[in-house]
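If you're matching them up, the sequences are chains A and B in order.
Numbering-wise (my numbering), the first sequence opens with residue 1 and increments by one.
Numbering-wise (my numbering), the second sequence opens with residue 1 and increments by one.
The hints are simulated quantities; they were obtained by calculation from the structure and are not laboratory data.
Treat the hints with care, since some could be wrong.
Partial pick of chain B residues on the chain A-facing surface, computed with a CB cut under 7 Å [to be verified]:
#1 V86
#2 R94
#3 G106
#4 L107
#5 M110
Just so you know, even glycine gets a beta-carbon here, dropped at the ideal spot from N, CA and C.
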Amino acid sequence: MTRLLLVEVRRFFARDIVRLFGLILVGGIVLITIGSFLSSLPMTPAEAAEADEQIRANRTDMEEQILQCRNPPPATEQIEMMEQQGMPPEFIERMRIDAERDRTRRECLDQLQTSVNGRLIFARTYPSNIQLAIFPMALMSLAIGATLIGAEWTTGTVTTQLTWEPRRLRLFSVKALVAALGVLATFVALQALMAVSLLPGTLLRGTFAGIDRWWWEHYLDIVWRGGAVLAIACLLGFGVSGLIRNTVAAVGGLFAYLLIVENILRAVTQDLRQWLITNNLLVAVLPDGSRIIPERSAEEALLLLSAYVFGILVLSGFLFWRRDVAG
Amino acid sequence: MAVIEVERLRKHYPGFHGGTLALDRVDFEVPEGGVFGFLGPNGAGKTTTIRCLLDLIRPSAGECRVLGTKSRGSISTVIDQIGAIVETPAFFPRFTAQRNLDLLAGLYGMGRREVRGALERVGLAGREKDLVRGYSLGMKQRLGLAAALLKDPKVLILDEPAHGLDPAGITEVRGLLRQLGDEGRTVFLSSHLLAEVQAICDKVAILSRGRCVAQGTVREVLGRGRTTGVLVRVSDIPKAMQILDAGGFDVSEADDAITVTADPARSSEITQALATNELYVQEIRPLQVTLEEVFLELTADDRDEAWLQEPPKSNDD
Numbered sequence: 001m002t003r004l005l006l007v008e009v010r011r012f013f014a015r016d017i018v019r020l021f022g023l024i025l026v027g028g029i030v031l032i033t034i035g036s037f038l039s040s041l042p043m044t045p046a047e048a049a050e051a052d053e054q055i056r057a058n059r060t061d062m063e064e065q066i067l068q069c070r071n072p073p074p075a076t077e078q079i080e081m082m083e084q085q086g087m088p089p090e091f092i093e094r095m096r097i098d099a100e101r102d103r104t105r106r107e108c109l110d111q112l113q114t115s116v117n118g119r120l121i122f123a124r125t126y127p128s129n130i131q132l133a134i135f136p137m138a139l140m141s142l143a144i145g146a147t148l149i150g151a152e153w154t155t156g157t158v159t160t161q162l163t164w165e166p167r168r169l170r171l172f173s174v175k176a177l178v179a180a181l182g183v184l185a186t187f188v189a190l191q192a193l194m195a196v197s198l199l200p201g202t203l204l205r206g207t208f209a210g211i212d213r214w215w216w217e218h219y220l221d222i223v224w225r226g227g228a229v230l231a232i233a234c235l236l237g238f239g240v241s242g243l244i245r246n247t248v249a250a251v252g253g254l255f256a257y258l259l260i261v262e263n264i265l266r267a268v269t270q271d272l273r274q275w276l277i278t279n280n281l282l283v284a285v286l287p288d289g290s291r292i293i294p295e296r297s298a299e300e301a302l303l304l305l306s307a308y309v310f311g312i313l314v315l316s317g318f319l320f321w322r323r324d325v326a327g
Numbered sequence: 001m002a003v004i005e006v007e008r009l010r011k012h013y014p015g016f017h018g019g020t021l022a023l024d025r026v027d028f029e030v031p032e033g034g035v036f037g038f039l040g041p042n043g044a045g046k047t048t049t050i051r052c053l054l055d056l057i058r059p060s061a062g063e064c065r066v067l068g069t070k071s072r073g074s075i076s077t078v079i080d081q082i083g084a085i086v087e088t089p090a091f092f093p094r095f096t097a098q099r100n101l102d103l104l105a106g107l108y109g110m111g112r113r114e115v116r117g118a119l120e121r122v123g124l125a126g127r128e129k130d131l132v133r134g135y136s137l138g139m140k141q142r143l144g145l146a147a148a149l150l151k152d153p154k155v156l157i158l159d160e161p162a163h164g165l166d167p168a169g170i171t172e173v174r175g176l177l178r179q180l181g182d183e184g185r186t187v188f189l190s191s192h193l194l195a196e197v198q199a200i201c202d203k204v205a206i207l208s209r210g211r212c213v214a215q216g217t218v219r220e221v222l223g224r225g226r227t228t229g230v231l232v233r234v235s236d237i238p239k240a241m242q243i244l245d246a247g248g249f250d251v252s253e254a255d256d257a258i259t260v261t262a263d264p265a266r267s268s269e270i271t272q273a274l275a276t277n278e279l280y281v282q283e284i285r286p287l288q289v290t291l292e293e294v295f296l297e298l299t300a301d302d303r304d305e306a307w308l309q310e311p312p313k314s315n316d317d
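Isolated chain B (complex conformation) (with noise of 0.2 Å):
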C-alpha cells in the first residue's frame, strides 16, 4: 500500500510574465515503511510538494493523498499519525525548547514524559530549558525532529533534517532515520545530501524544474547513470598511460591509479594491453556510479537554468 500518493501535481504561482510554474504534473507514490528519499536542485519543487501534502499551499491541479487521505481539506483526519518539518523548523525563540514542545505535546493531550523521550531521542536531553534563541541551527533542526517524532508518528515528512547539522549529527541523524524506517514507520526525506540518501534511502524520487525525472529502488536509479569509466592499478603507471594511449584510450592519473575513460566491457581489452608490454594488473573495475553522479546528470538542464535565476522565495526549496 502507499502511504503517499502524488498524482499528476500541479502548482503554479500566477505573478508577473506569466508567473511560475513550481510544479509540473509530478507523480510519485510512497511505500508503506522503509525511508523514501525525495531529491532536487534548488527551485526543483520539493518544499512545494510537501506543502501541498500538508495542506499548506493549495495545488492548481492534480492530487496528494497520505495514508489514503485527500490533503486538500481532509488531512486533519490522519494529521495525528504524521511528524513533519517544513524547512527550518520554526519555533517560538523567546520560549524554551521545552515549553515549545510542551505546547506542540497539549494538542494531542501529551505530557512531560513523552516531550522528555523526544528531546533525548534526538540529543537535546540537557538543553531543553535553553531558550531556542540560542540554539544553533542544527540544534534548532533536532528539535524540529523532536516535534516531528512527538506523535509518535506512522509517517514522517521531513524537509532537509540534516541542514545545518555537523557530520556528528548527520550520521546521528542519519542513523536516527534508517532506524524509524526499520521500525516500520514511513520516513520521506527531502535532502540535498546525496552520500546520506544513497546510504539510508530504500526508494527516492528525483525532482528536476517541477517534474519527476526519476524514481524507484537507489538501485533502479543508479542503473539510469552512464558508467563511463574503469579504474586500473598498476605498478609502473607512466608506463601503463603510455601503452594505453598509444591503443587509443582515452586516460588520465588519479590517485595512483589509471582512470580510463571506455565502457567497462572494454575491461578486458585493457588487461590485454597491458600484459602484453608485461605489465600486470593489480585491480581493475568499473567507476562506481554514485546518486551524485546521477543527480547531476538528470538535473543538468535545471542547474544551468538556476545560474542565471535565482528562484522565488515561495518556491525556495
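Isolated chain A (complex conformation) (with noise of 0.2 Å):
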C-alpha cells in the first residue's frame, strides 16, 4: 500500500498540468508580490512607529466588534446619514437589515481589517491574498483531479497499471486521495511561497503588526475551509472523470452543469437554491457567505457538498471495480 501511495504520489507531481498549474500560482504571487510592494510607500522610522500604533490601537477595539457580531446596535447613525444624503428608502431599509443582522464570528473577523496608507501590512495582504486565490485554486483543482484519472483512460495507461496492481478498488482509493492531498500539498506550498515572497516588501516598507490570537483565528479559518473546497473540487473533478473515462468530457460537463444548468435552475425555483453546489462553494469559501443561503454556515455547506462528492466517489469506484477494461 505505501508502495502504491508513493508512486503515485510521484505520478502526481511529475504530471504536466500540476506543473504547469504551479507555475501559473508563481507567476500569480510573483505580480501579486511586486503589486503590493510598489502599491506601498517608504517610510521614515517616525512615520513607520506612528502607523504600527494606529494598528495596535484599532485591533484594541476588535474585542467589542467581535462580541457585537451577535446582536448588533441599531444602525441609526448610518441611517440618518443615509437620508441626508437622500438615498431611496428602500435601499436605506435593505442597508439596516444588513447592518443590523447577526453576523458569524466569521465575518466579524473578516471585517476587522486594519489599513493605513502607504503601508504594507502583512496581517491584511496575506490572508487576503490566500483568499483570492482559493477560487481559482478550485478551478485548477478540479481540472487536476479530473485529469489524473481521465488521463489515464485516454492513454491508456490504466491497462499498463492494472497489469501491476489490479486490485481496482485499491488502486482507485489511492489515487483519489494522492488528488487530493496533492492539490492541500500545493496549497500549503502556495501559502508557504505568499508569506516569504512578502517578506521583503514586508520588512522595507510594511509592518507585522496585527498579528494576534484574532489574526490566527481568521487564518486558519481561511486556510481550513479553502483547503476542504480545494480537496472537494479535487475530488468532483476525479468522481466526474472516473465514471466518463475521459477528461476533457467531464471538465466541459462540469463547467457546463455548473456555470449554465445551475444557473437555470437557480433562476427558475427558490427551493433548489439551497442544494446547488455553485451557492454552497460560495457559502464555504466567502466570509458572508450565509447571505446567500440564509441559516447556512460554511461548515453545513462544506459538508453538503462532501456527501456529494462521497456519492460520486462511491459510483465512480464501483464502476472502476466493476467495468471492463476493455479498450
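Put the two chains together into one complex; each comes in its own frame, and the hints tell you how they fit.
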C-alpha cells in the first residue's frame, strides 16, 4: 500500500498539468508581490512607528466588535446619514437590515481589517491574497482531479497499471487520496511561498503588526475552508472523470453544469438554491456566505458538498471495479 | 502442470442486434516453460482472451487460471509473477521511458538497476531519457516488453509484441522470446506473424470466430493441413509439363520447377512418367505445409465474414 501511495504521489507531481498550474500560481504570487510592493510607500522610522501604533490601537477595539457580531446595535447613525444624502427608502431599509442582522464570527473577523495608507501590512495582505487564490485554485483542482484519472483512460495507462496492481478498488482509492492530498500540499506550498514573497516588502515598507490571536483565528479559518473546498473540487473532477473515462468531457460537462444548468435552476426555482453546488461553494468560501443561503454555515455547506462528492466517488469507484477494461 | 488454463470461456458484449459474441466456449491449456503461440485473425477473440486472463474484463461464463489461480478476483496473488503486454503498450507520452518504468518498478520496490537491466535487454539502453511521445511504435513495443520483463516473471503474456518492429527488431525479439522460453519461463504469445510463431513456438492454439479450432504442438497443427502438391525439378521444364499434363496431372510452373497438384504419395507415378520419356528428375519433394496455410485453411470462414463486417473496437484483436 505504501509503495502504491508513493508511486502515485510521484505520478501526481510529475504530471504536466500540475506543473503548469504550479507555474501559474507562482507567476500570480510574483505579480501580487510586486504589486503590493509598488503600491506601498517608503516611510521614515517615525512614520512607521506612528502607523504601527495606529494598527495596535485598532486591534484593541476588535474584541468589542467581535462581541457585537451577535445582537449588533441599531444602525441609527448610518440611517440618518443615508437619509441626509437623499438615498431611496428601499435602499436604506436594505442597508438597515444588513447592518442590524446577526453576523457570524467568521464574517466579523474578516471585517476586522486594519488599513494604513502607504503601509504594507502583512496581517492584512497575506490572508486576503490567500483568500483571493482559492477560487482559481478550486478550478485548477477540479481540472487536476479530472485529468489524473481521465488521462489514464485516454492514454490507456490504466491497462498497464492494472497488470501491475489489479486490486482496482485499492488503486482507485489511492489515486483519489493522492489527488486530494496533492492539491492540499500545493495549497500549503502556495501559502509558504506567498508568506516568503511578502517578507521583503513587509520588512522594507511594511509591518507585521496585527498578528495576534484574532488574526490567527481568521487565517486558520480561511485555510481550513479553502483546503476543504480545494479537496472537494479535486475529488469532484476525479469522480466525474472516472465515470466518463475522459478528462475533456468531464471538465466540459462539469463547467457546463455549474455555469449553465445551475444558473437556470437558480432562476427557475428558489427551493433548489440551497442544494446547488455553486451556492454552497460560495457559502463555504466567502466570509459572509450566509447571505447566499440564509441560516447555512460554511461547515454545513462543506458537509453537503462532501456528501455529493462522496456519492459520486462511490459510484465512480464501483464502476472502476466493475466495468471491463476493454479499450 | 498447466500454467494457463482456459475452460469454456465465453464473453458476450451486449449491444444492438443481440450484441457480439467475442468468445464462445474457448478451451486450451498452456504448459509450463517454452513459447506458446496464440493465433487468430482480427476479431477472433485473442485480445479478449488475454484481457480475461489478466482480469481486465469479466467473462460471461467459463473460467481462466494463471499459475493455478483464478484470474477473476484473485489474479493479484500471482500478478508479481506475470509480465504482460496488452495490445499497444500504453505509457505516459510526456514522461521518459526511464520514468515510466521507474513508476512501475516502484510498485514492487525495484530500483534503477532493474529498470536499466530491462531496458538493456530489449535494446533501449541509451534511449531511456527520451520522451515516450518521440518513440516509434516499435520502440514502444520494446518498452512494453521491458515493462513486462521488469518483474522477472515466470509467465509472459504478450499481445503482438512484434507489432511495429522492423525486420531486425522482429529477429531480435524472436531470439529474446525463444531465450525466455528456454530459460524455463512460459511465454504466451499472441501474434499475426505466422512464420515467426512457427519458428519459435513449441505449441500453438488457433482461434477463429471466438472458438479454439486447433491446438497442440506446431507439428501436430501442421499435420491438420492438407499437403496438396509435389515440387518437381527437371532440366527441361516445358517438356516435363507436357508429359505430366498428358498423364492427367494438374501442373504449373513455379521458379525453375514444376508444381504438381497431387497427393505426394503419387510421386513414384510422376518420376516413372518422366523417366519413361527420358527425363530424369533432379529433385522431387512434397510441398511443405506452413502454419500460414493451415491457419488460412482453419480460419477461412472467419476471414470471409471479416470482409463484410469490421469487428467492434472492444473486440479489436
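Here's how the hints hold up against the structure:
1. V86: Hint holds; V86 (chain B) Cβ to chain A Cβ min 5 Å, cut 7 Å.
2. R94: 6 Å, holds
3. G106: 4 Å, holds
4. L107: 5 Å, holds
5. M110: At about 10 Å, which exceeds the 7 Å cut-off, the nearest Cβ of chain A leaves the hint on M110 (chain B) violated.
Hint 5 from the earlier list is the only one contradicted by this structure; the remaining hints agree with it.
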